[in-house]
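Dock chain C against chain E, hints included.
Those protein sequences? They're chains E and C, same order as listed.
Quick note, the first sequence lines up with residues 1 to 270 if you use our numbering.
Quick note, the second sequence lines up with residues 1001 to 1186 if you use our numbering.
By construction, these hints were calculated from the structure, which means they are not laboratory data.
Source: prediction; values computed, not measured.
Glycine included, each C-beta is placed from N, C-alpha and C at the ideal position.
This list has only true hints and no planted wrong ones.
Some, not all, of what chain E presents toward chain C, calculated at C-beta under 7 Å:
{"no.": "1", "residue": "Val23"}
{"no.": "2", "residue": "Phe24"}
{"no.": "3", "residue": "Glu25"}
{"no.": "4", "residue": "Tyr73"}
{"no.": "5", "residue": "Asn74"}
{"no.": "6", "residue": "Ala77"}
{"no.": "7", "residue": "Gly101"}
{"no.": "8", "residue": "Leu131"}
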Amino acid sequence: MNKTKPILFLFFAILSLFSCERVFEYNLYSADVKDERKFTRQKNLEKLQDIEEEIQDQNSFKFALVSDSHTYYNSLAEVVNLINQDEEVSFVVHGGDMTDGGLIAEYSLFYHIMEELNRPYFTVIGNHDCLSNGRVIYNDQYGPENYSFVFKNCKFIFFNDVIWELNYEEPDYIWLQNELLNSQEYDKTFVIAHIPPWSDQFTPLDTWAYKTFMDTANVAVSIHGHHHDHYMGNYFEDSIPYLVIGAPSKDIFCKLTIEPDTVILETIKL
Amino acid sequence: MGFGQDTIIRYKKTLVPNYVNFQYAGNLGAYIIGVGYYLNPKRTLDLVIGYGYTSEHKATIRIHNVFAKGIYFPYTWSLKKRWFLSPQLGVAISRQFSGGTNTFTRLPKTYPDGYYAPNAYRFHLNFGLRVRKSIGEDTFIKAVDFYIETTTNDLYLSYLLKSTEVGLGNVFSMALGVNLVLFNKN
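If we strip away everything but chain E, and leave its shape as in the complex, we get (with noise of 0.2 Å):
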């Protein structure tokens, strides 16, 4: 018998065997986020304070934003690339969508790519996201879905107002309000929520609530994705303006550069 043609397939099963990322993998809709991801925001929001000493001086600063990359991986591996040669950004903000499914292997690649930034990155949780087990891995992965921090005195908050995909489960706009209490002690605040409240998922009470919470705040800039369109403009109509940031598929991202009496936005072309 010629037993060329079996060695050669054992050659390439073996191979396969050590070329695979997780040699074993139970199941696609398997939610167990490898241990050294489960601290990725504490690692990235210790490397923030590290820039912050940094730029003490500065009284300006510039951060990068991306938003529904799904897997569309070639282009946020570029939107990535480009970020790492603007040596003004101090830190990257996904506005959600990182995934198509809420798959682990979609937060993985996501993950590897991002991992490629010089910059520390912070997401927002999308619809997409929380498909499958997706809510499960996100929090594993990155940690509650609201959160905030302060960098040069200014307030980034991260809110998670996800509606249909969480079976209408109210977003906790109670927790938004108690971190929008205290923004006039702060130089600007911005807040990051993937679904733009004039959008799908949003009843007339939710954009009424979130509009109301926005302009009570006076918020610099209430931040979204979902769309895949860029949008910039004040859409209600009142002085809050409200950025969408346009999706990688659609070449482009944004940079927002926070001086102390304006916010500059750049969108560039992929």
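Just chain C now, with coordinates in the frame of chain E:
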């Protein structure tokens, strides 16, 4: 007729499987049990119907899978007495149950038409090697198969085709399995 007095011939009924299948991993569950059927007299086509269980310990949440897998054996080589080697190519369809409402076979009414594609069914592709040890026709277990296979699925392949950032190592994983053959003839 030349049968001895105490020879017992067992005839398989149509729905009685030819073998019992046990598998570890391979995206159909951590622990998998199934039944296998020979689909043709040449025994180059098999059908396995099975159930996979993934415990909370393995996946953080408990997941149940049911699947049907077709396997094609293009060649079988005789290695030495009673040992046979076959490459195997398989396609499977699986349905997963992990609780909650965020995996579905039909788009829930919550969403507008076309908002999401149904995500509870997956198609799997696998290839590997099977070694069969033939024990005998008179024994309860006629043969034992050991196999190793590498597996992927429709979603992972779509990532691979869409992006150069995704490598083979991201989309393939391994499975190990054993079949206990109870009926060698249909």
